[in-house]
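Please work from the sequences and hints to get the whole structure.
In order, the protein sequences belong to chains A and B. Under this note's numbering, the first residue of the first sequence is numbered 9, with each subsequent residue one higher. Under this note's numbering, the first residue of the second sequence is numbered 13, with each subsequent residue one higher.
Calculated from the structure, these hints are not laboratory results. For glycine and all other residues, C-beta sits at the position ideal for the given N, C-alpha and C. Certain hints may be false.
[Claimed, not checked] Covered stretches of chain A (in silico footprint by chain B; criterion: 3 or more residues with CB under 8 angstroms from a CB of chain B, positions within the stretch not fixed):
1) 114 to 125
2) 129 to 139
3) 142 to 153
[Stated by the list, open to error] Partial pick of chain B residues on the chain A-facing surface, computed with a CB cut under 8 angstroms:
4) Ser56
5) Gly57
6) Asp196
7) Pro225
8) Val229
9) Asp230
10) Ile234
11) Ser263
12) Glu264
13) Leu265
14) Asn368
15) Gly423
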Amino acid sequence: MDPDLVLLLNGIVSGLLLGGLYAAAAAGLSVSFGMLDVVNIAHPAFMVLGAMLVALLWGATGIDPLVLSILLTPAFWALGAVIYVAYHHFFERRGDEAIQGLAFFFGVLFIIEIGLVLTLGPEQHFADASYANTTLHFGEIDLPLRMLVPTLVSLLAIGGLALFLRRTFMGRAIAAVAQDREALRLLAINPVRVKRLAFGISIAFAALAGGALVVVQPVEATSGHVFIGRVFAIVIMGGLSSLGGCVLAALAFGVVENVTATFYGPSWSPAVAFGCLLLVLAVRPQGLFGRAA
Amino acid sequence: MKGISRRDMGRLALAAAATVPATARAQTAPSGQPIKIGFSMSLSGGLAGNGRPALTTHRIWAEDVNAKGGLLGRPVELVYYDDQSNGSQVPGIYTKLLDVDKVDIVVSGYSTAIAAPAMPVVMQRNMAFVSLFAANVNSDFKYDRYFSVTTTGSDLKGTFAKGFIDIAMAMDPKPRTIAIVNLDSDFHQRAAESTRFLAKERGLRVVYDRTYPPTTVDFSPIMRSVQAARPDVVFIGSYPPDTAGMLRAASELRVSFPMMGGAMIGPHITAQKLQLGPILNNLVVWDVYAPAPTLQFPGTQALIERYQPIAARENTDALGYYVPPMAYAQMQVVEQAVRRVGKIDQAALAADMHANQFDTVIGPMRFDAQGEWTEDRNLYTQYQGVQGNGIEQFRKPDTQVVLYPPKYKSGEFRKPYTAGA
Numbered sequence: 009m010d011p012d013l014v015l016l017l018n019g020i021v022s023g024l025l026l027g028g029l030y031a032a033a034a035a036g037l038s039v040s041f042g043m044l045d046v047v048n049i050a051h052p053a054f055m056v057l058g059a060m061l062v063a064l065l066w067g068a069t070g071i072d073p074l075v076l077s078i079l080l081t082p083a084f085w086a087l088g089a090v091i092y093v094a095y096h097h098f099f100e101r102r103g104d105e106a107i108q109g110l111a112f113f114f115g116v117l118f119i120i121e122i123g124l125v126l127t128l129g130p131e132q133h134f135a136d137a138s139y140a141n142t143t144l145h146f147g148e149i150d151l152p153l154r155m156l157v158p159t160l161v162s163l164l165a166i167g168g169l170a171l172f173l174r175r176t177f178m179g180r181a182i183a184a185v186a187q188d189r190e191a192l193r194l195l196a197i198n199p200v201r202v203k204r205l206a207f208g209i210s211i212a213f214a215a216l217a218g219g220a221l222v223v224v225q226p227v228e229a230t231s232g233h234v235f236i237g238r239v240f241a242i243v244i245m246g247g248l249s250s251l252g253g254c255v256l257a258a259l260a261f262g263v264v265e266n267v268t269a270t271f272y273g274p275s276w277s278p279a280v281a282f283g284c285l286l287l288v289l290a291v292r293p294q295g296l297f298g299r300a301a
Numbered sequence: 013m014k015g016i017s018r019r020d021m022g023r024l025a026l027a028a029a030a031t032v033p034a035t036a037r038a039q040t041a042p043s044g045q046p047i048k049i050g051f052s053m054s055l056s057g058g059l060a061g062n063g064r065p066a067l068t069t070h071r072i073w074a075e076d077v078n079a080k081g082g083l084l085g086r087p088v089e090l091v092y093y094d095d096q097s098n099g100s101q102v103p104g105i106y107t108k109l110l111d112v113d114k115v116d117i118v119v120s121g122y123s124t125a126i127a128a129p130a131m132p133v134v135m136q137r138n139m140a141f142v143s144l145f146a147a148n149v150n151s152d153f154k155y156d157r158y159f160s161v162t163t164t165g166s167d168l169k170g171t172f173a174k175g176f177i178d179i180a181m182a183m184d185p186k187p188r189t190i191a192i193v194n195l196d197s198d199f200h201q202r203a204a205e206s207t208r209f210l211a212k213e214r215g216l217r218v219v220y221d222r223t224y225p226p227t228t229v230d231f232s233p234i235m236r237s238v239q240a241a242r243p244d245v246v247f248i249g250s251y252p253p254d255t256a257g258m259l260r261a262a263s264e265l266r267v268s269f270p271m272m273g274g275a276m277i278g279p280h281i282t283a284q285k286l287q288l289g290p291i292l293n294n295l296v297v298w299d300v301y302a303p304a305p306t307l308q309f310p311g312t313q314a315l316i317e318r319y320q321p322i323a324a325r326e327n328t329d330a331l332g333y334y335v336p337p338m339a340y341a342q343m344q345v346v347e348q349a350v351r352r353v354g355k356i357d358q359a360a361l362a363a364d365m366h367a368n369q370f371d372t373v374i375g376p377m378r379f380d381a382q383g384e385w386t387e388d389r390n391l392y393t394q395y396q397g398v399q400g401n402g403i404e405q406f407r408k409p410d411t412q413v414v415l416y417p418p419k420y421k422s423g424e425f426r427k428p429y430t431a432g433a
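Have a look at this one:
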């Protein structure tokens, strides 16, 4: 096979796998930021918190990191619900959510990071999944399980969330609260309760994303920084409240980054990927799958 | 005259036991106003992994000095603030140290990114300043009271990659091509510049030369492009998270290069040694210290033995081969200069540091006019025979052998690098 074609195909495949990780990181934010209009800038920090806890538990038990991250989701859901209650009580209820709410989540971000450094130390933490050193080879195409398994688990979880949002009463209520919270009250549904549930789900997804992250790479307290710009860009590019759009945008982001890195050098990757975001917003301000106002 | 009875002997012995140590204590216990030594240190943020071991080591040094009677008979007190790995915090910290805390001496925290922002404040107050792991900070400032405790020397371009290229050129058959990949950071740009310069000088053709941004998550496209360029030698400049990503990608792509390595910061940290395990085998890495028999200086082993139990308690780097010897040496430079000068006089301290050799736990060092080491000591080491992920093997001298410089050589180069395959 032509060497350039091999590079291109591998760039696309590895980009899709990278996009799977981005999708895991962005799915929770798609719920909180896209559907609930809560600018949770600390979302990647919650992901790192999940990753560090998974690494810690993996060290103690040896259980697969992704299984551990699934086991952590109820605790993260509860954490998310508590944080939303505080956020609603101090900011949203008073209509102060725009700037002060953003500052609140900045504070949460710093508290998580400093807390992790003080309790678990500043060093890298890692969890070695049993499959992490295995790579499948299909001809010239490489599929490292270190990337493939977290991607598949993430996409399955996102698919489950999409089904929940579409098929269940509470799921539809979450979708509705994004559009018109007052209309929910007319149906005798408490929008705050719905948002609390949904925010908990978004933080539970951060735990899952943390499990995926720690399989892919070692993590330290500040590892979330590189994801902040990317996950917001992906959610906006996907069309805010569209989970499917979020996944497609994440995959596109990964492919653009990796193909650019392969042929033009990694320095160009972020510029080209964020350039694509600007292009999408210029053509479709509502994002790829968002509905025009 | 009454003879001394057995009971009297007992009383005498008791009195001696009670008074002699007290006399000894009186002679050695430091007293008076403490000598305050101020610095910023990265205790949180990205550099904390090395900042915290540095602080632990500084504390060990202070304990040692105070146990020996202090400096000039006065106790030593460390005054420090967390710079959060953020250079913009540093000028404010040094201003506070000098104006509010009234420290007597200042030294730098860990790394170029933290030492450089302190320079304008330190220069304005005419303070002598000993830095830690700061590469060529003074090349632009030209401050005559600056001294650097790092191994790179002042001619970074001409010497940094010399060991790496020398080892490569000694291979049989001689390599003809080289790939250079480096992180977009000051230190790694300088490392890559040195590699480019020396590769050209030695007739190596550069077939891949790219920089990657610190936000890179997936390193497989980079490693695949390097592989496609078919270099004989691969020089990589990276920081810990990237090093892990780069080596994982190399392992997944089943690379095989006659030689690979470079300024890959990462395996220096114990956690990464343990994580990567056999992937490290035959990797040639720039370093400042290794537990090799050729690098044993007075106090080195004692320091490591004191550091490791404290590190276990404080949850910092477990082995401590990278930062602690250098951090201790940084304070030894201050200590020896103060003892020789006999007072806290910044001009005299700087003059002493320029004039004399310092014998430290990382060996003897002398400073040139720019405050860098007169003789660089860029070590190139190779990991050999790593099996599994146990920590004990990394305490042994034959797991990380020194290949360069020849005077510290402790093992023979092995090839190729196959990322653990």
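Right, here's what the structure says about each hint:
Given as covered by chain B, the segment 114 to 125 of chain A passes the check, having 3 residues with a CB less than 8 angstroms from a CB of that chain where 3 are the minimum. Look at the segment 129 to 139 of chain A against chain B: 7 of its residues bring a Cβ nearer than 8 angstroms to a Cβ of that chain, three or more, so the hint holds. Coverage of the segment 142 to 153 of chain A by chain B holds. Counting CB-CB distances below 8 angstroms, 3 residues qualify, and the rule asks for three or more. The closest approach between the C-beta of B:Ser56 and any C-beta of chain A is roughly 5 angstroms, which is under the 8 angstroms cut-off, so the hint is satisfied.
With 8 angstroms as the threshold, the beta carbon of B:Gly57 comes within range of chain A, its nearest partner Cβ sitting at about 6 angstroms, so the hint holds. Hint on B:Asp196 holds. Least Cβ distance to chain A is approximately 7 angstroms, under the 8 angstroms limit. With 8 angstroms as the threshold, the beta carbon of B:Pro225 comes within range of chain A, its nearest partner Cβ sitting at about 6 angstroms, so the hint holds. Proximity of B:Val229 to chain A holds as hinted, the smallest CB-CB distance being about 6 angstroms (cut-off 8 angstroms).
At about 4 angstroms, the closest approach between the beta carbon of B:Asp230 and any beta carbon in chain A falls short of 8 angstroms, and the interface hint on this residue holds. Hint status for B:Ile234: holds, given a least beta-carbon distance of 6 angstroms to chain A, under 8 angstroms. For B:Ser263, the interface hint holds, the least distance from its beta-carbon to any beta-carbon of chain A being 7 angstroms, beneath 8 angstroms. About 4 angstroms separates the beta-carbon of B:Glu264 from the nearest beta-carbon of chain A, less than 8 angstroms, and the hint is met.
Because the closest C-beta pair between B:Leu265 and chain A is about 6 angstroms apart, less than 8 angstroms, the hint holds. Hint status for B:Asn368 relative to chain A: violated, with the closest Cβ pair at about 36 angstroms, above 8 angstroms. Restraint check, B:Gly423 versus chain A: the minimum CB separation of about 27 angstroms is more than 8 angstroms; hint violated.
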